[in-house]
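Participant: One letter stands for each residue in the lines below.
There are 2 protein chains.
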Amino acid sequence: MLTLITKDQFLNHWQGHRLLTRKVIETFPEKELFEFSIGGMRTFAQMVSELLAIAAPGAKGLATDIWEELDEKDRSGNSKERLLELWDKSTDEINLYWPQISDNRFQEELLAFGQYKDKGFCTLLYFIDNEIHHRGQGYVYLRALNIEPPAFWERQL
Amino acid sequence: MLTLITKDQFLNHWQGHRLLTRKVIETFPEKELFEFSIGGMRTFAQMVSELLAIAAPGAKGLATDIWEELDEKDRSGNSKERLLELWDKSTDEINLYWPQISDNRFQEELLAFGQYKDKGFCTLLYFIDNEIHHRGQGYVYLRALNIEPPAFWERQL
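Protein chains in written order, with my numbering: chain H, 1269 to 1425; chain P, 1269 to 1425.
Hints are not guaranteed to be accurate.
Which copy? The list can't say, so a pair holds if one copy fits it or any two copies do.
[As the list claims (entries may be wrong)] With a Cα cut of at most 27 Å, we get these calculated DSSO-like pairs of lysine-lysine:
| no. | residue 1 | residue 2 |
| --- | --- | --- |
| 1 | Lys1291 | Lys1385 |
| 2 | Lys1291 | Lys1275 |
| 3 | Lys1387 | Lys1291 |
| 4 | Lys1348 | Lys1387 |
These are computed hints drawn from the structure, not numbers from a lab.
Taking the hints into account, I'd like the entire structure generated from these sequences.
Facilitator: Below, the structure written as structure tokens:
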């Protein structure tokens, strides 16, 4: 069996998506980031707070099996700049924990955040897919606000 | 290097997401599936037609390196039932082509649809991520229509 995807490629894939999400946060006007919503859904900032609750704590959990409690509280104080700082801090933390994740962890069954039982690769893909899902919703918010979102394939700096 | 994800697991991941998208198609009232949109975006049926243009032709391309031209024309004739039939036909075609994809194809550079240069695993992840992205947009449409979408983690029959 050859390697379909390496561990480094997996990290790059994740961080590439996170870079695009960062651009989407930047594209929102500050007011709408914290106030605009459709159909009773959360604001994009609230969705981002969920993503922040998962990303770095998730990487830590994969690396150490120490799972923090999911804490989706928005700590930005309605500041876009602060939300982006929190995002960048998560980026660094993921990069820090990543080398500590053992190769066999991806096929191991684990209990993410003490409650979600699945194999490591499924858990990681769930983190990424959940981000893509909510970011896609952010795109609709931007379109409804008549703002052009970044291209979906732009995952580089 | 251990295997982070096997080829079978990759297929199951993809088809699991496709099953959830199928549920989202089913959840739309037929009229709104073909008519409703927000912010000048496409209808969900039009997005689904893009996904259909990519999925089975994409699996065929990965397996054979024969790439059809991207054809996103909606062939359902505004029938939800027909759209679901096209979806199920794609599901079968993907399952048919999958065993013909060689293991080393995932790390090979290829020109998907004759125009998108990337490694095989990136191309495949792009297919999946693009579907998650648009399905997330379908969720907003459903919420705006005051309809409860299926749970994001429901990827089983």
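Participant: All hints, please: hold or fail.
Facilitator: Hints versus structure:
no. : hint              : verdict
1   : Lys1291 - Lys1385 : between (32 Å within a copy, 23 Å between copies)
2   : Lys1291 - Lys1275 : within (25 Å within a copy, 32 Å between copies)
3   : Lys1387 - Lys1291 : between (30 Å within a copy, 24 Å between copies)
4   : Lys1348 - Lys1387 : neither (35 Å within a copy, 35 Å between copies)
Of the numbered hints given earlier, the model fails hint 4 alone.
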